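K.L.:
Just so you know, the sequences run in chain order A and H. In case it helps, our numbering puts the first sequence at residues 186 to 597. In case it helps, our numbering puts the second sequence at residues 3 to 254.
If you are wondering where the hints come from, they were derived from the structure by calculation, not from laboratory data. Since the model is a prediction, treat every value here as computed from it, not as a measurement. The reader is advised that the hints may include incorrect statements.
Per the computed footprint, the stretches of chain H lying under chain A, defined by three or more beta-carbons under 8 Å from a beta-carbon of chain A, are [what the hints assert, rightly or not]:
| hint | segment |
| --- | --- |
| 1 | 103-109 |
| 2 | 165-172 |
| 3 | 218-228 |
No more than 16 Å apart at the CA atoms, straight line, and that leaves these computed lysine to aspartate or glutamate pairs for EDC-like [said to hold, decoys possible]:
| hint | chain 1 | residue 1 | chain 2 | residue 2 |
| --- | --- | --- | --- | --- |
| 4 | A | K438 | H | D126 |
| 5 | A | K527 | A | D539 |
| 6 | H | K156 | H | E232 |
| 7 | H | K143 | H | E187 |
| 8 | A | K438 | H | E232 |
| 9 | H | K156 | H | D233 |
Cβ coordinates follow ideal geometry from the N, Cα and C atoms, glycine included.
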Amino acid sequence: MTDQTTQTPVSTPARAKPAKGGFLGLTSNDSTLLMIIFGLLIFAPFILNPFPEGSAMAQFNAGYPDLMQRFVIFGIFAIGFNILFGLTGYLSFGHAAFLGVGSYAAIWSMKLVTLNVIPAIIMAIIVAGAFSWVVGKISLRRSGIYFSILTLAFAQMSYALAYSVLTPITGGETGLQIKNTDNPLFGSLNPGEIGRANFFGLEMGNSYMLEIGNWVFTFNLGYYIAAVAMLVAFYLSIRIFRSPFGIMLRAVKSNQQRMNYTGLEPKRYTLWAFVISGMFAGLAGGLMVAMDTQVGPERMFWTASGEVVIMTILGGAGTLMGPVLGAGFIKYLENIVSKINKDILHQWFAFLPDGFEDLMVTLVYPFVGKGWHLTMGILFMLVVIFLPGGLVEGGKRIAGLFTRKKTADKES
Amino acid sequence: MAILSVKGVNKRFGGLQALGDVNLDVEENTCHAIIGPNGAGKSTLLNVLVGKLIPDSGSVVFDGQSVLGRKPHQINQMGISRVFQTPEIFGDLTVIENMLIPCFAKRDGSFRMHAIESVRDEGDMIAKAESMLDEVNMLDKTDMLASSMSRGDKRRLEMAMCLVQEPRLLLLDEPTAGMARADTENTIQLLKDIRTSRGITMAIIEHDMNVVFSLAERITVLAQGTPLVEDTPDNIKGHPKVREAYLGEAQV
Ligand SMILES: Nc1ncnc2c1ncn2[C@@H]1O[C@H](COP(=O)(O)OP(=O)(O)O)[C@@H](O)[C@H]1O
Ligand SMILES: [Mg+2]
C-alpha cells in the first residue's frame, strides 16, 4: 500500500515540495491512493465475483448488490470514525447512535417529503451532525475511558428510547418502513401504491446484469450511488488528514497541555472532529435507508458501535486506507464465512480418506458458519498483538520485504 | 515600564502557604530570574502567571490587562509563552509540524476550522517555521519525529516553538533541570543568543546558579513563598540574607 500513515515522518505533508502529478489539491501519493479506491469501487462487481456461477467456489463471490452496498456503507462509517479515533485518539463507543439517527432522519424524509434519496441523505447528515454536537459537547467534558463510557451511555440511551418512549417517531420495536399509506409531499403515487426509493426517478433497485461465459456480473444503481458517496468521503478524509486542522487533531492526541499553552483549545478541535465523524456516520445511516427503506432500533445497539471500532483498529487506525480495509474484511467474514456449513466443508475435504475428512470438518467447523465470530476474534487479537498498525502495517511490511529483496538483488 | 506586575498574591494549599504576599515587577526587555530553594513556591508562582492556578488573593497584570480568571490558551494569546520543566512537545509529530502548530495558533487564534486547506499551501508559515529552526540550529532535523530526539534537542524545539510565536514575555521553568553539562551550556548559550538577537522579555525560574548569574539582569529570591530580596546579580551574590536562605544551603 502507498498509504501514508500519520506516523511516517519521512513524507511529512508540511514540506513545501512542488506537487508532482497530483490533482484535486492532492500530492501524487495521495492521488494514487484515491485512484486505487476509485478503481476498486468502479470494478467491484468484477473484482468481487471472480468465480463462475455454479462452481464450488461461487459461495466466495461477494459481488452481489446487497453485500457490495454494505462494504461501501460501512467503509464510510469507518472512514468517519477514524477521523475522530485515528487522529485525536478519543475512542467513541457510541457512534452507531449517529448512524441510527441518520437512518431515522432519512426515512422520515422519504415518508414525508420525497422518495428521492438525495434529500434523505442530506437530512441524515444534518440531523446526525446536530445530534453528535450535543453528545460530543457533553461527553468531551471527560477524556479517556470516561469519555468512552459517556458516549456508550448516550448510544444505549438512544437505543432504549427508540425502542420505547420514542415509538411515535421511531416505530418502536418494529421500526419504520415505507408503507402504502405514506404519501410524500413531492411524489405522484397512486392511492395504495408503495413508494420506492429513487434517484431523480431511477429506482435504487435497478440493476444491469452482464453475463460473460459462466460469470454473471451485477451493476446496481444503489451500489454506485453509495460508491460515489464513499469516494467523496475518502477524498474528504485525505484532505482533512493533510490540513492544518488535521495536524491540530493529531496534536490533541499527542499533548493537550502543550496545545493549551500554545494558545489553542484542544476540546474545540476534538468536538469538531467528533461532529465530522458523526456526520459521516449519518451519511452511512442515510445510505442504508436509501438502499433498503427500513430502520429498526437495533442499528444503534452497542455491538454496532463496537463493530466500527474493531473495523478501524483491524484495518489500521490513523491511516487513510485502514478503515476501508477493516470494514471490507469484517463484512466479508460476516457475510461469506458465516454461510459456510457442514455440507460445504464435506465437499471441500471429500478428497481425503473418510476418517480424515470427518476430522478436518470437525476441526474447521467451529471457525465457519455461526463460528465466524471466533475467526474474527482470533484475527483481531493476532492483529492487535503482532500488527499494532493493523492490516495496513501488514501490507507495508510485506511491501518492505519485496523492496529490500530488490535492492539486495541489485547490490549482489 | 513593567510589562508584568504581580501584587499581593497569596496561594494556600490546605494549611500550606505556598505563596505569601508576593510582589514582583518584570521590566520590559529584561531577563528576570526567580530563584529560591526547593519548595519555595517558584513553580506555583509560574502556574499563577499562566492561568493554571488561581490565587486566593492579589492581582497579576500583564501589559495593562489582568490575567486572573483567564484560561491558559487566552493568556498565551495575550503574548505569554511558557517553557516547561520537562519539555512539553508533540512527540508523535515531526519537528516541522511541531513548529507549524504555534505558527497557526498565532495567525488563526485559538480555533479555526481549516480542514480542507492543505498544509503544503501554507508556504509563509512553513518558511517562518524553518527560519526559526535555522536560528536554533535544528534545520537538519525538520522531518524527524519529535519524540525520537535527545532531551537537549527537545528543549531546543520547545523553545523554538515558543519563540516563533514572538511572545511579549517568555516564561521558563528550570529550563536546564536534569540536563547533562553540555546540554546546559548549550541552552544557556541559546538563551543568551535569543536575548541579544530578539530582545525578548524573559522570566526564568532556576535552581542552577551559573545559569542565573550569567543570564539575568534582575533576580528575585523567593523563600517559603515570600520574596526576600530583589536586586542585580552582583548584589544578590553578596547579600547576607540570600546566603542564609539559599546559597548557604547550596554549599552543604
Ligand atoms: N497542587 C499542589 N497541591 C498541594 N501542594 C502543592 C501543590 N503544588 C505545590 N505545592 C506545595 O507548595 C510548595 C511550593 O511548591 P513549588 O511551587 O513546586 O516549589 P518550587 O517550584 O519552588 O520548588 C511546596 O511545599 C509544594 O509541596
Ligand atoms: Mg519547581
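K.L.:
Hint by hint, say whether it matches the structure.
P.N.:
Okay, the hints, checked on the actual structure:
Counting residues of the segment 103-109 of chain H whose CB lies closer than 8 Å to any CB of chain A gives 5, so the stated coverage by that chain holds, three being the minimum. Counting residues of the segment 165-172 of chain H whose C-beta lies closer than 8 Å to any C-beta of chain A gives 1; at least three are required, and the coverage claim is violated. Counting residues of the segment 218-228 of chain H whose CB falls under 8 Å from any CB of chain A gives 0; the rule of at least 3 is not met. For the hint linking A/K438 to H/D126, the alpha-carbon distance of about 26 Å lies beyond 16 Å, and the restraint is violated.
Taken as a hint, the A/K527 and A/D539 pair is honoured in the structure, with Cα atoms around 14 Å apart against an allowance of 16 Å. Distance hint between H/K156 and H/E232 is unfulfilled; the C-alpha atoms sit about 32 Å from each other, more than 16 Å. Proposed proximity of H/K143 and H/E187 is contradicted: the alpha carbons are some 20 Å apart, above 16 Å. Under the criterion of a C-alpha separation no larger than 16 Å, the hint pairing A/K438 with H/E232 is inconsistent with the structure, at around 42 Å.
Annotation: proposed proximity of H/K156 to H/D233 is violated, straight-line Cα distance about 32 Å (limit 16 Å).
Hints 2, 3, 4, 6, 7, 8 and 9 from the earlier list are contradicted by this structure; the remaining hints agree with it.
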